[in-house]
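Below are the chains, spelled out letter by letter.
There are 2 protein chains.
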Amino acid sequence: MTKKLVFGHANPDTDAIVAAMAYSYLLNQTGQETEAVALGTPNEETQFALRHFDATAPRVITAAKPEVNSVILVDHNEAQQSVSDVAEVEISAIVDHHKFNLTTATPLNIRAEALGATSSILLKMFNENKVEIPANLAGLMLSAIISDTLLLKSPTTTEFDKIAVQTLAEIADVDYETYGLEMLKAGTNLATKSELDLIEGDAKSFEMGGKQVRIGQVNTVDIDEVFERQVALEEAMQAEINQNGYDLFLFVVTNILTSDSELLVVGAPVAPIEKAFGGKLDNDRLALPGVVSRKKQVVPPLTAAF
Amino acid sequence: MTKKLVFGHANPDTDAIVAAMAYSYLLNQTGQETEAVALGTPNEETQFALRHFDATAPRVITAAKPEVNSVILVDHNEAQQSVSDVAEVEISAIVDHHKFNLTTATPLNIRAEALGATSSILLKMFNENKVEIPANLAGLMLSAIISDTLLLKSPTTTEFDKIAVQTLAEIADVDYETYGLEMLKAGTNLATKSELDLIEGDAKSFEMGGKQVRIGQVNTVDIDEVFERQVALEEAMQAEINQNGYDLFLFVVTNILTSDSELLVVGAPVAPIEKAFGGKLDNDRLALPGVVSRKKQVVPPLTAAF
Chain A
237 MTKKLVFGHA NPDTDAIVAA MAYSYLLNQT GQETEAVALG TPNEETQFAL
287 RHFDATAPRV ITAAKPEVNS VILVDHNEAQ QSVSDVAEVE ISAIVDHHKF
337 NLTTATPLNI RAEALGATSS ILLKMFNENK VEIPANLAGL MLSAIISDTL
387 LLKSPTTTEF DKIAVQTLAE IADVDYETYG LEMLKAGTNL ATKSELDLIE
437 GDAKSFEMGG KQVRIGQVNT VDIDEVFERQ VALEEAMQAE INQNGYDLFL
487 FVVTNILTSD SELLVVGAPV APIEKAFGGK LDNDRLALPG VVSRKKQVVP
537 PLTAAF
Chain B
237 MTKKLVFGHA NPDTDAIVAA MAYSYLLNQT GQETEAVALG TPNEETQFAL
287 RHFDATAPRV ITAAKPEVNS VILVDHNEAQ QSVSDVAEVE ISAIVDHHKF
337 NLTTATPLNI RAEALGATSS ILLKMFNENK VEIPANLAGL MLSAIISDTL
387 LLKSPTTTEF DKIAVQTLAE IADVDYETYG LEMLKAGTNL ATKSELDLIE
437 GDAKSFEMGG KQVRIGQVNT VDIDEVFERQ VALEEAMQAE INQNGYDLFL
487 FVVTNILTSD SELLVVGAPV APIEKAFGGK LDNDRLALPG VVSRKKQVVP
537 PLTAAF
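Protein chains in written order, with my numbering: chain A, 237 to 542; chain B, 237 to 542.
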């Protein structure tokens, strides 16, 4: 049996890093040979979680083909969010909770559910395979679900995510509300970050109606603090557009305490954006009250409008 | 809760019909409201199985949107093999054992495994959900696995398919080898069929390197009997090309007793076909020794060659 690499999406968030670690652990416990890797270094929130549960970040890779013939994707399925040479290797399995945009050459194993985090699906798979979750891995999976659901407040949150958080918090032996808020705040330390880090840190690319749309997002406890840097942020977004040929760059600034967002937009066309969210851009900005989920509240209305 | 329709691919084979019936039954047993339907009438093999296990064929639909907002796909995932208006409804779940070519607007449930039949995956799901399979449904699921794996002889056959066949044969209380050969032979009664029925009965469309490729397949116990009608078959294939804008029509004639096939080709380009199978077309024909599986032995080498 040959080794397979397991990894989450580029610009990894906590669920992308942790789901790779968790699924690799589960597969290895059931007789396969896999290694969890990552398509980037952990962000500050993920680093906080890794430190707290005494774990090491997965090795970063930039290509798969030099090492393996077969890969396993977690927390993503779209080629443009994956490793650069994903088209040259076999995708043998996918575990994911996103919408699908996938073409494969051969049949494969897929486990997808519309849950709040890939780590929630993995908890089910541990249970189905009757594999025990070590306490520190449970803590990381807990962190991933808290991260993706903003402490169970995002509209992507399902009943099972709530059960999963309680189950994993018990195994990890932490108070998830106290720990969760600490972890989310650790990810909102934006003052020390460059404008490029802010807009690109969690950015993903989407094709919408033939346009290349880049969407970044940051969580904060103070939206005004971010928009004090609006001019420099827009310059950075324009530079990314020029360099990568995007048509549009959207930057979603989310207040994790109030569960509201504000959108900053550079590029064209803006009409589908105004149509999607039912408002007019003012100074390139648009308030998105009650919006916290890119996946559920930003991408679907945009895709429909384009 | 609103009703969802569950259906297999157009030009349904036994697994497409049965997997819809089985998954709908499982979902209804676990509290959902679904109806199994079909995108065409059952072929003679499927009719034999339905008669043998005293079951009724699912109702045929031509569009989903007039009835429901949400559909569940089994035994296929590609839009071009699905209901005509699949783009206008939500795909809420998929159970499939084919390669993927799927784009959705929202997250969904997917269960895919590289097993010999979708009905084998469904047996796992019945077990996981601890739902008992009625004897006649077990007989139909057995028929579907025998059909897709040509009595466990196709290279798509996995160890689990063998276990599944034994498990289901026990529940259905049949000798699967005797029954299976009878059922397969019932599907090879080709003499009474028109050329159009032969080439189109199980045909699927694929996009390969920008070309529209239509691939039909029949099972027989006498390949020569089929090729006695070669001139009329080629006329029918050319008519389908003209009418539907295909670039190529491939017709795979498979001997279920010897597990060999012979290919008949109309359209262009033929170079990728000769490259894929390492031979020269002679009188539009090419022997494919040992080839029985369109999914595993025809589509992948063709896709690679195009």
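Hint data in this document are derived by calculation from the structure and do not stem from the laboratory. Note that the structure is a prediction, hence the values are computed from the model and not measured. Just to be clear, a hint being listed does not mean it is correct.
Pairwise CB distance ranges (calculated) [stated by the list, open to error]: (1) PRO391/A to THR298/B: 29 to 37 Å; (2) PRO391/A to PRO302/B: 27 to 35 Å; (3) ALA507/B to ALA315/A: 26 to 34 Å.
Yeah, the Cβ is synthetic: ideal placement off N, Cα and C, and Gly gets one too.
Structure-based check of all given hints:
In this structure the hint that PRO391/A and THR298/B lie 29 to 37 Å apart at CB holds, the actual value being about 35 Å. The hinted range of 27 to 35 Å is satisfied by PRO391/A and PRO302/B, whose Cβ atoms lie roughly 30 Å apart. Our hint of 26 to 34 Å for ALA507/B and ALA315/A holds, since their Cβ atoms are close to 27 Å apart.
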